[in-house]
Amino acid sequence: MATAGLHDSELGELQRRLIILRVGLLLVVALLGLQLWYLQIREGPYYRDLSENNRTRSVIMEPARGLIYDRNGVLLANNVPSFTLYVSLEEVKDRDLLIDQLSNLLGLDAALVRNKLTARGNKQLPRKVKDRLTLREATLVESHRLDLPGVMVQVESQRNYPGGVTASHLLGYVGEVSPEQLEKPEFADLHQGSIVGQYGVEKFFDRLVRGQAGQKSIEVDAVGHEKRTVVVEQPHAGDNLYLTIDVRLQKVAENLLGEESGAIVALDPRTGDVLAMASRPGFDPNILSRELTPKQWAEIVQDEGRPLNNRASQGQYPPGSIFKVMMAAAALETKTVTPSTSIYCNGGYQFGRRVYHDWKAGGHGAVDLRHALVQSCDVYFYTVGQRMGIETIASFAHQFGLGEETGIELPSERVGIVPSEAWKQKAKNEAWLPGETVSASIGQGYVSVTPLQMASLIGTVANDGVTFRPRLVQAVMDRATGELQQRTAVPKRTLKLRPEILPLIKEALAGVVKEGTGTRAQSALVTIAGKTGTAQTMALRTGPKKDIPKKFRDHAWFVAFAPVEAPTIAVAVLAEHMGHGGSASAPLAKELIETYVKLDLPAPSGVTDGAVAREEDARGRDRDDRPGD
Amino acid sequence: MIDRVINSRGFDNFDFRYIGLIFVILGIGVLSIYSVTHDQGVAFPFYAKQIVWIVLGTVAFLVMWLSDYHRIARLAYPAYAIILILLVVVLFEGKSSRGAQRWIPMGPFAFQPSEFAKLILILTLAHYYSETPRVGWLQRVVLPGLLVLPGLLLILKQPDLGSGLSFLAVYAAMLLMVGMRSKALGVILLFSLMLFPFAWEMMWGSLHDYQRQRIMSFVDPVYDPGGKGYHALQSRIAIGAGELTGKGLYGGTQSQLKFLPEGHTDFVFSVFAEEWGFLGVLALLLLFVGLIWLSLEIVARAKDQLGALLAVGIICMLCFCVVINIGMTAGMFPIVGIPLPLMSYGGSATIMTMASLGLLLNVKRRRLSFF
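Protein sequences appear in the order of chains A and B. Going by numbering that gives the first Met the number 0, the first residue of the first sequence is number 0, and it counts up by one from there. Going by numbering that gives the first Met the number 0, the first residue of the second sequence is number 0, and it counts up by one from there.
Because the hints were derived from the structure by calculation, they are not lab data. Some clues are possibly wrong.
Unchecked claim - Taking lysine-lysine pairs in the DSBU-like style, the calculated list, with each CA pair at most 30 Å apart, reads:
{"id": "1", "chain 1": "A", "residue 1": "K129", "chain 2": "B", "residue 2": "K257"}
{"id": "2", "chain 1": "A", "residue 1": "K115", "chain 2": "B", "residue 2": "K94"}
{"id": "3", "chain 1": "A", "residue 1": "K92", "chain 2": "B", "residue 2": "K257"}
{"id": "4", "chain 1": "B", "residue 1": "K94", "chain 2": "A", "residue 2": "K92"}
{"id": "5", "chain 1": "A", "residue 1": "K250", "chain 2": "A", "residue 2": "K115"}
Claimed, not checked - Simulated restraints, written as ranges between beta carbons of each label pair:
{"id": "6", "chain 1": "A", "residue 1": "G11", "chain 2": "B", "residue 2": "L145", "range": "48 to 58 Å"}
{"id": "7", "chain 1": "B", "residue 1": "V41", "chain 2": "A", "residue 2": "S57", "range": "26 to 36 Å"}
{"id": "8", "chain 1": "A", "residue 1": "R21", "chain 2": "B", "residue 2": "A282", "range": "18 to 28 Å"}
{"id": "9", "chain 1": "B", "residue 1": "V23", "chain 2": "A", "residue 2": "R135", "range": "56 to 66 Å"}
{"id": "10", "chain 1": "B", "residue 1": "P104", "chain 2": "A", "residue 2": "S102", "range": "23 to 33 Å"}
{"id": "11", "chain 1": "A", "residue 1": "D477", "chain 2": "B", "residue 2": "L30", "range": "54 to 64 Å"}
{"id": "12", "chain 1": "A", "residue 1": "T228", "chain 2": "B", "residue 2": "H37", "range": "34 to 44 Å"}
Cβ coordinates follow ideal geometry from the N, Cα and C atoms, glycine included.
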């Protein structure tokens, strides 16, 4: 205290300097106030948004896909609950640690998990890491919840196909939308992890079946605990589809093919309804809808049997003698021949320096058009085709729907080839050789078709020249309104043929089964008309067939319709590498038709009257024709 | 003691306002701590502990208020020696938390010597300046600087950047206030500027990773919300989201849902700002300004050099902590880990702050008791 007085002047100085502190304090507090005003008032709404985002976590609620039924209401595709593992990236503190934990806990491939977590996309949406967790796995994750920040298990609906392989190519399968798909406009409202149809009806009708995702806002704390659900925007389930197929017929068709590769298509010629469409080998869409490892995927893609190929709409084969149905109509329409024109078949057709053989050594003798169809005489059609020329053949082939899409509602339909001079110039940059017309006349050479095109062709003949666009979905039920919308059959084209031509051909095709190459399709239940075909896979026409390795053997075709008098079903059967159509495929067509007859399906609505009218019309024609015979 | 207060007419209207302000701010602090930690689910939650610290702090306040600050100042050098020893002890025996070794465990509690070191430094410097004739810059600047240096180095070694900076701030403020001549001031400023690059280099090199990250996060906190800038960004979100009127008590989602870490300690201001908005924040700032303004009054009317120096030191330390803390939570400064006086949870800090404020009031009481 003694010293205090010594510095009295300095005390005064110090007290005078207090003004520095006062001004400084006010200045600094004003600055603080300004910054707080800036944060809370000026930028307040922005920060409030940030804090809302901070506490609410958006969770996508995947919609249930629409159900798929067959024509009788049998369930073909539904949804089952399943556990899905998600990771919310924003909450992950240590990504490497989490990847380690997840791969240890669930036995997942660490690289795969890493890919999922690091993929591009909206970082605010949770990433799907694994679907179809078992109950055990789900419990395991839940019990380690505290050690796994950002990890959550959601119950979601998972696509399920109760029939397994049944109708797999038709139904298709689903899968996560790919990064490439996401960039397309039709997938604009989707996000990484969304499930979309990747094949078949699932893909073609995806827009209807997909539904609309909802969103859940869950308030979470910084540790990721859910506090409460704040907003719920309900997802909208996709529309239900009622297919035209009858699953009983479909199964029979698939069983008929058995282990062999091939396709069977059955249409209702009056509407274009696809009653059955089998392609073998098939696949299990339940497996493909799951997430496959690259290895599993490679196995499926590299399978020699190419199970992912829908042989019915994508398999392209030479039509062989089936082509003669179209050729006969063309020959009559162009008046190249009359029904009674006779051509002598000695077993070979000389053209230039080459001899084109008939399938029957020694020949059929003198044949008219009916005989040529019934016995499938090649020489007759070589001659007729040569007379008409390739351009005429091509134009009639186009009329019968070859070389173009049938318009079936499936993705990636193939169109086959209708060769012509212009086609060859374009495809091969070579001039058309006259000899190639000869091969084309019996459906060999460059000609190729799909089984579906053949079913449509024979259906057109059965339906007196009216082609219907093949139809797969007969009705769509809007899930939101519950409204069932019937889809109408769409006539595609009417053959421009003189009216007497098709009855003649139909009668000849009935003769094929009654007395010709297709007798093995004879049925005690129903009258069947048909045509056999054998599609050469290579230019081997001689030599013992048994010695040829199976993969080089011919494909066996058979097309048919029944009942002959008033057809309600048209069938195309293609059995790969099974040899002759008459022996390998005709019995299959017969069995399928018999099954169909036994099922006794009601006539499609709106068609009954027409069918009856046509039936009476046909009878009338029969009566008219008889006196002339 | 009590009769001495009454006899000396020590307790007047001024004291009432001063003590009232202190306890209002303390109350706001407890409320904010309660808001963040009320659902903690433990038997002895933070807000309850803080009340205990306040009770202990009140005792410290009374002791410092009612003793003679001249006698307290005479203990400054020994106290400084003891605190230096404790700062050495904490380096070896201390309890670590998040990479820093700052606490000496004492039963269920932990004692943080660096907090008390601040007050003792003020006492030491005030004692030094009031005892020593200050004729040249050696006595004015260098010698007190040498006094500060060992404590500063020991604190930085822990490391405790916040306390270290407070140390420097107290030293600088005292230098400025004890009548340094303008020429000397110019020299000092020149030297500081020249030495700054070297000092920065040295400091940067000696910083821990988390400290560097904190400073870096000041540069661009939005860069990585999950990483180094997390604290700064979450704190700004909390304050900004309060808007004009706040989200109400318990309504602060940033702190309630634990996005904002350390809501009860260094970031208690953000919690308050989120719940009470700009209006609440203005009120709080006014309370602090009011307290400091009253304290400046004490300096202005201080009877002797020692009292004035003590008061100035304490005010500067308080101001520094308040400004830096609010500034760092509002994103104006790097996150350096300075608690908000009277509001942040913490035993050592609360007791030390209240003791300091008691000492301040003591300066005023002494002035009155002379008459």
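Outcome for the supplied range 26 to 36 Å, where the beta carbon pair is V41/B and S57/A: 33 Å, holds
Within 18 to 28 Å or not, the Cβ separation of R21/A and A282/B? 21 Å, holds
If you check the beta carbons of V23/B and R135/A, does the distance land in 56 to 66 Å? Holds, at about 58 Å.
Is 23 to 33 Å respected by the C-beta to C-beta distance linking P104/B and S102/A? 40 Å, violated
Verify the proposed pairing of K115/A with K94/B, using a straight-line Cα cut of 30 Å. At roughly 41 Å apart (the allowed maximum being 30 Å), K94/B and K115/A break the hint.
Holds or violated: K92/A with K257/B, Cα cutoff 30 Å? Holds: K92/A and K257/B sit about 14 Å apart, inside 30 Å.
So if I understand the rule, the pair passes when the alpha-carbon distance is 30 Å or less; does K94/B with K92/A pass? At roughly 26 Å apart (the allowed maximum being 30 Å), K92/A and K94/B satisfy the hint.
Taking the beta carbons of T228/A and H37/B, is their distance inside 34 to 44 Å? Between T228/A and H37/B, where Cβ atoms are some 24 Å apart, the hint is violated.
Indicate whether the distance between the beta carbons of G11/A and L145/B respects the range 48 to 58 Å. 28 Å, violated
Next pair to validate is K250/A with K115/A; report whether the Cα-Cα distance is within 30 Å. 39 Å, violated
Checking one constraint from the list: CA of K129/A to CA of K257/B, max 30 Å. Satisfied? Holds: K129/A and K257/B sit about 29 Å apart, inside 30 Å.
Pairwise beta carbon distance, D477/A to L30/B, judged against the given window 54 to 64 Å: This hint holds: roughly 56 Å between Cβ atoms.
When the structure is compared with the earlier hints, violations turn up for hints 2, 5, 6, 10 and 12 and for no others.
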